[in-house]
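Asks: Protein chains in written order, with the numbering used here: chain W, -11 to 805; chain S, 483 to 900.
Hints were generated in silico from the structure; no laboratory data involved.
Fair warning: there could be bad hints in the mix.
[Unchecked claim] Under the rule of at most 25 Å between Cα atoms (straight-line distance), these lysine to any residue pairs were calculated in the SDA-like manner:
| hint | chain 1 | residue 1 | chain 2 | residue 2 |
| --- | --- | --- | --- | --- |
| 1 | W | K204 | W | Q116 |
| 2 | S | K789 | W | E440 |
| 3 | S | K887 | S | L569 |
| 4 | S | K789 | W | V442 |
All figures in this text were calculated on a predicted structure; none of them were measured in a lab.
Spelled out from the first residue to the last, the chains are:
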Amino acid sequence: MSTIRQFPRLRTLAILAAAATLAACGSDVETQTNQPGAPPTSGAYSGPPPATEDTQAFMVNVWANLRLDTRCGGCHGTDGTSPTFVRSDDVNLAYQAVSGLANLTSPGDSMLVAMVADGHNCWLASNQACADLMIRWIGDWAGGDGLQGREIELTPPPQKSVSDSRTLPADPGLFQTTVYPLLNDFCASCHSGSVANGVAPFFGDGDVNVAYDAAKARMNLDNPAQSRFVVRLGSEFHNCWSGNCVADAQAMENAIASLASQIPLTQVDPNLVTSMALGLFDGIIAAGGNRYESSQIAFWEFKEGAGTQAFDTSGVEPAINLNLSGEATWFGGWGIDLRGGKAQGSVASSRKLHSLIRATGEYSIEAWVVPANVVQEEVPIVSYSAGGMLRNFTLGQTQYNYDFLNRSDATSAAGTPALSTPAAAEVLQATLQHVVATWDPVGGRQIYVNGELVVMSDPSGGGLLNDWDDSFAFVLGNDPSSGNPWEGVVRLVAIHNRALNPEQIAQNVEAGVGERFFLLFNVSDHVGLANSYILLEGSQFDSYAYLLAEPRFINLDGAGDPGSIPLEGMRVGVNGVVGTVGQTFAKLDTTIGGSAYEPSTGQYLSRQAAVISLQSGPDIDEFFLSFERLGASTNVFVEATPQAPAIADSAPGSRIGLRTFDRLNATMSAVTGIPVTETDVRDTFTLVRQQLPSIDSLDTFVSAHQIGVTQLAIEYCNALLEDTARRSSYFPGLDFNASPNVALAGAGRDLLLDPLIDRMMGVGLQSQPVRNDVRNELSALIDRLSSCGGSCPAGRTVTIGKATCAAMLGNATMLVH
Amino acid sequence: MGAKRADGRVNRRMDEVRTGMHKQTVKAVAARRWQSSFALAACLVVVSAGIADVMATPRDQARRIHDRLAGVPPSAEILDQMEQRILSSNAVGAAYLAMDNRAFYDVTLKNWAAPWTNREGDVFVPLNDYSATVIGMVRDDVPFNTLLSADILYSGPSSLPGVAAYSPTSNAHYEDMERQGVNLMTQLQQQSQSALSGLPPEGTAGVMTTRAAAQAFFVAGTNRAMLRFTLMAHMCRDLEQVADTTRAPDRIRRDVSRSPGGDSRLFLNNCVSCHSGMDPLAQAFAYYDWDETARRISYSPGDVHPKYQLNADTFPYGFITTDASWDNYWREGQNSLLGWDPALPGSGYGAKSMGQELGNSGAFAQCQVEKVFRTVCLRSPENAADRQQVNTMVGAFRANNYQMKQVFAESAVYCMAD
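Required output: the full structure, derived from the provided sequences and hints.
Replies: So, in structure tokens, the structure goes:
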């Protein structure tokens, strides 16, 4: 056996070469067993003491947890139904009876687990939760080794060809006329979002779109009898509406078959070079148990996927089972999606946090979360509190920051001041993140995000937790009063009564979240080597997509170097169709064999992952790989030739427009002869520059623009008329020292107006106003300004010159072009 | 001007002016007392003056050409000369005469280029090395398809009075030139960008590696901004216009969430459509940054800037940038319509070759022509005739070594009788 390391940050694997087995964790990580929680009591044990150390471990970890009458003790206790593995009279006899029921090497393969997973007297509403607890207890009995580091044998999956299949259409119309009537009539009293205490999934909802989304994964179009709806009725006898579950199941099967019959088969392109096909659950479970859990006192993985409770599967009693309320739905691939709702435990069960954490004086809050956004402020994600003003602890969010509030003798009853991640670092992102908040009595609070210590020191320092209140409730995504909702997805939460150290946190980051599978896609025919596969690690990424990661070529027979096998353009197909979106491996161009190939481990093809759209759900969707080239098989991928979009005519725009700011300035300078650098002019232009039109469209012209134009025109004319030399040059022959009635009378008026009109409006242009019209307007202005009663003040002619100049310069003959 | 008269919007706006004059306080300048009188007159000139018919005469057409190109009216002498050239069927020659006015450079081209040099598209920003280089390249008929790749920079002479010397750490040189009213038509000098900025020649990429561009688009962030704003300015397309969900997402970096807020549909329907093509192109900028302390562009050949590894935990399976190699995924799919040069390989190493990829595309040439058309005609192409004209000018632009003045001249001539 050789151990290989996967690409950085990804979980380590070990492969047994000849047997082609995988180990779920690297050997370099020391695994830890969970601390035994206080088992529930069911009367004192007065029988003989455990004869061996292993019997003692069985007694503490399994027997004590199962002997309750409400669990296995009601039937398999003393004098009960064989096997009496929880008998109370003699734990050594119970130990003998459990032989064959528990697999200490692989707890998940134990008969005890299989029984409760199949619903055999599971004491919780979720068979999955019972199975998880059973695995944990047996694993604890085994010393933790059963949970971690178990070897995973790679065995050939079922060999299925890529076949034609049916895919549910986007429109719910067919569903609405076939399956939906049954769901809406008989399931909506519970499975609807519009009823009180509605139970997700809402496939009976009054909104057919909501119902369709929830029902897709529960209808198998290719095999209606295997649809979850049919199995739930016919085999699990779940709320049959007629009293005859067989008949109800048949009705459901018929409805789904009717739906399927109206959906055409998707034909597989015969030119594709494909692997064999696989469903997600045809894969080999890759998710290991290599988390650090020795101080874990509460644990939620949210595997239930239905119902209104999320079970605490830490195995530490009492379990804090969380009740979902409000806008809280199940998230695909394990998790809960909180959009205003919450998941809350009872005060009584939450009390174990109070007692077990105060016993150690330290703790950690660990969570995998996906904040919905980065704008919500001061909202709780994980909280043990009575509201916003009273809490024992809260891990919360403020925009890009995680906040950590803890009640101690150094902080307030609200746990303030909060310790937050640095705002500038923006460590909180609206994506899947692992966050751990730790508290210890010396250093106080710390925050780790994705395994990195983000906040190193707590200004409030450490302290004691003596003031913690045991009347608070543990709640996710809100205050207990529901008045401060956090929006996002919670995929895992663990509470530890120790401050995790960086190595332990890193171990849990490596362990990841969610259920993962090794998917073996058979490509033997294309490479000419039996038992050859492309191996991908697959998982449900979220409610809408799968993740297929780290492809590698492997031969389960451990064959030697396969030579030189070209591989190009690998794509993931779903349900007979190769989609166009998310094909991360489409550019792959490599060769299998040679030095990169190791018989024991195969050959990595990429460290990347593809995100592929979920279609009908993980129970139904079937994957395959297609290749542009694999070995001697080729299928040239030809893209459709894009068509240039037709361009429609647009409404005719104006053929004229405004001179914009710099053009106005340059124009005024050009027609007056005053440089733009003239101090007064430059100052005024600087002042009004951004007030002047900045775009040329006439539609944008507003009165403020004209004010700016006016000011600038005045400034230019002032510079022109106040300078004797300039005005003499510009208006030759005009005596500005004479009174207006002399200087601007008769020919004198022409001396003023002609230069202005000629230079500012131009000569001989039909596109400008008629010259005489302009002249008349200006002349009338001069007349009005010259009416001084025969005693105009000195300098009046210059003033009139400036006014006339500005009127000519600041009008539309200049502004519009 | 019949068009003016016919356009009721002018009158309406002038009425607003008249009303506004009584509401607003005007800055006190020399002749306060007569402000209202002259403003009223200003309005009346437009409202009541008899305005002649459309651009029927060569003289009016000459005036239009000059106004639109230089932004200022011509002198009587120049107008006469332009009129004569039009009468001699040399309207393009008339346009070239108009472009001999310094305002074409100081005003029209400066304002044309200014919005490209900052994220806000602000036209009021001071002259800078980016806009000065555009002005100079147009003036000298430097092939404009090298705008994004050449080792070129324009600055003023070192001895201009009142003008600070060029510095790669300051824009004062250009701001002083603008403040002092330096004639850009005569004073701008073509320089080697690498000699001025200190970048190695292979590290220069035309205006993309100017100080102004670096300050605007390499600052902080992930350097994707440089590509986006370059696309907007020189391909006339924002990312929405090049979005394509069908490109392989293998080059999307790790900082892009594949399930934003827990919903991968957002990634598969939106994010991937831009990032799949953008990230492999923006990789060309892997060695660049804006040094906020030194106030200059930073270039570290061989060392990928840490900004390319930001938020690596967001999606650990994402692409890890190890060098400045780039690939143009948009050569396939719907964006193949952008007209990529078949003589180029579609991939390369560094910003210079990536700039060549963009600069030699059909979309680049089309964009330059359309921008000129918009600037000169004051409108966008709006019908088949306009589009045909644009296509003709694009063809001539590419065939004639990407001379931008030719485009300005042809556009002005096309619109001279509008």
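Asks: Determine for every hint whether it applies to the structure shown.
Replies: Status of each hint after checking the structure:
{"no.": "1", "hint": "W/K204 / W/Q116", "verdict": "holds (22 Å)"}
{"no.": "2", "hint": "S/K789 / W/E440", "verdict": "holds (18 Å)"}
{"no.": "3", "hint": "S/K887 / S/L569", "verdict": "holds (21 Å)"}
{"no.": "4", "hint": "S/K789 / W/V442", "verdict": "holds (18 Å)"}
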